[in-house]
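Residue numbers (this note's numbering), protein chains in the order written: chain A, 19 to 277; chain B, 19 to 277; chain C, 19 to 277.
It should be emphasised that the hints constitute simulated quantities derived from the structure, not laboratory data.
A few of these clues could be false.
As the list claims (entries may be wrong) - If the Cβ cut is set under 7 angstroms, some of the chain B residues that face chain C in the computed set are:
#1 R31
#2 D32
#3 V37
#4 G40
#5 L43
#6 R44
#7 S47
#8 T59
#9 P123
#10 R129
#11 N133
#12 A135
#13 E136
#14 G249
Note that the Cβ used here is the ideal one computed from N, Cα and C, for glycine as well.
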Amino acid sequence: MTIITLTTDLGTRDHYVGVVKGELLRTLSNIQIIDISHDITPFNIMHGSFVLKNSYHYFPNGTYHLIGVNMLYEENSQFLIVVKDQHTFIGPDNGIFGLLWNGEPADQVFRLIINDAERRSTLPMKDLYVRAMRHLLTGGNIEKISGKISSFRQSTMGRPIVSPDHMRGSIIYFDHFENAIVNIQKDEFESLRKGRKFIFYFKRYDDVDSLSDNYSDVPESEKLCLFNSSGYLEIAINKGNAKGLLNLSVGDIVQVEFR
Amino acid sequence: MTIITLTTDLGTRDHYVGVVKGELLRTLSNIQIIDISHDITPFNIMHGSFVLKNSYHYFPNGTYHLIGVNMLYEENSQFLIVVKDQHTFIGPDNGIFGLLWNGEPADQVFRLIINDAERRSTLPMKDLYVRAMRHLLTGGNIEKISGKISSFRQSTMGRPIVSPDHMRGSIIYFDHFENAIVNIQKDEFESLRKGRKFIFYFKRYDDVDSLSDNYSDVPESEKLCLFNSSGYLEIAINKGNAKGLLNLSVGDIVQVEFR
Amino acid sequence: MTIITLTTDLGTRDHYVGVVKGELLRTLSNIQIIDISHDITPFNIMHGSFVLKNSYHYFPNGTYHLIGVNMLYEENSQFLIVVKDQHTFIGPDNGIFGLLWNGEPADQVFRLIINDAERRSTLPMKDLYVRAMRHLLTGGNIEKISGKISSFRQSTMGRPIVSPDHMRGSIIYFDHFENAIVNIQKDEFESLRKGRKFIFYFKRYDDVDSLSDNYSDVPESEKLCLFNSSGYLEIAINKGNAKGLLNLSVGDIVQVEFR
């Protein structure tokens, strides 16, 4: 049984997800389709990469991960097969792979050869991806449907700007509990901090000068910052809704000052 | 392995979907349940038929499609087994089948015989549908649980009003990206247009006099009209939210004038 | 094939559900994962218990039900394996089991032994639950990973306050159609009522002095009360949105006066 996961911004109100699942089931045998999420914020490759990077490695080796985030038609869109850690990914070369591994290289990267019908398709997951999956699962040579390349596109978007005494990141997305997830990671923060004191600034009047271990470290309805289990900075309110109460938006700047 | 798809307006916050899946798994063996959508706008058979019509034919022949849209109790509700294109559908005779195929006939239509307990059920997908599925999957004769009829109910709702120089349709629903999907189809539009110029009118001050091929054919934040990959008219804003920015609602009139 | 259901407040926008599914699929073989809901209102064990209590018994005997509702870290959180009616449940001992069966005892209750790494985990469904599932599915002795206890925690929250002439309940949650579900059950209502007349009071100016059988028993846009198919009181508006139109919130008091 081959496991195929789906991570998309296609939502669950339209026919798109049904189309992709139907086509996979019609074309391939002995597969199990697992939804990771179809509720990635539309076009938000930072959100998509965050969700996939924090979940894919729990799946068995040999799993295929299909990525459908920010698939808006562009003249020269390219799509990749990427192999890393014994997992195989198919997705657009729109920067999402760079975000997935913080710029680290993958084991192998192939650019899919796209035929004319697929070039005109508004849903490459249905056409191109399924054709590639069929080729791979029936033992076809990967180089028959793609060309090996050295790397995927990087994205600067996902990385904070860093100077000796400052980090300047931004809010990637809001999780289900409306906590803000920020593109500042614990490792980089600590290596820059070198044991110093720090202040997190966000919005005009909000700042936090300590890190919590758990939401309940502060009184109810108080704001806090913590590094979550994925190693990312979170701005939260204990038993509250940080997004609404602090009036935060995706893209808002979050600045760290070390002193 | 028999594939059974679900297309419903039951949502994902309640027990209903769990009940249907549990009952299917308890009663039938060797099945695979696939969610097409549970987020059909409540009671909106145009939305439901649109999603199913654009996805069902991608599934393998022999798939069963269970439809649970607008299942509000009515005294004489009827439920059908419909066979078309080697797919089998079970759903309410509330007009959704007429919309599913633009009024075209199916291969075979059967009206289910409903027993007293099922007549009182608030969730026919759990009782009546599962009993029918069990009968069919264990090789029972379909005419033991239903009576053959000539056709299902049609729905006028789904069709635009047409005169030689005008079409008058309406917004069926908004997709995940908040584009408006309109019940005007490309074939009918072109056959009426006969190469003439045209203007789309919607809301008091909004009109569009050309068709785009892609969202990116107009500058960002500009409105556009296009026929989507399903052949339906879409009102959209490039990288924007047509529903909110144009203040559109389900049911709003969209008029075409040919000149 | 072992069926494992998931009922959580984890939502579908984050990596959590993918993590749990991935870990289950990597660790266990021959399983089928079924989503009951990931859209339980965050932290709302009444909502979670309501959805699970109304769906679990439709699944085949031998099904495992994993509960992940209100899993906020607390110092001494305990997690249970509970066996009842030939179904097995794993969930937090936070009162949800008491609500699940209206305070009735289960067949067997075991408290899981938690190791240090699991104690620090922010997602016990991934670590503790999967380890327990693996132990159980590979034929391990349940008493090796847990200790038998007499009962789970009860929750007073779920029960209305009752006097001879009054019941005082509250709104548990709103279903997909925005009907209010109230923690007043038909059996208790009728046994207290003893055939008398009654009035339901909610909000300052809203009251209802009869019970409907169906939404359509009142004119469109009128409010009504009915006991739904799960036996719970519902406040609804025929073809309308009770939550918005009556300005109701979770936790609002609903009072019954018998006279």
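Verification of the supplied hints:
no. : hint : verdict
1   : R31  : 5 angstroms, holds
2   : D32  : 5 angstroms, holds
3   : V37  : 5 angstroms, holds
4   : G40  : 3 angstroms, holds
5   : L43  : 6 angstroms, holds
6   : R44  : 4 angstroms, holds
7   : S47  : 9 angstroms, violated
8   : T59  : 11 angstroms, violated
9   : P123 : 31 angstroms, violated
10  : R129 : 22 angstroms, violated
11  : N133 : 17 angstroms, violated
12  : A135 : 12 angstroms, violated
13  : E136 : 13 angstroms, violated
14  : G249 : 30 angstroms, violated
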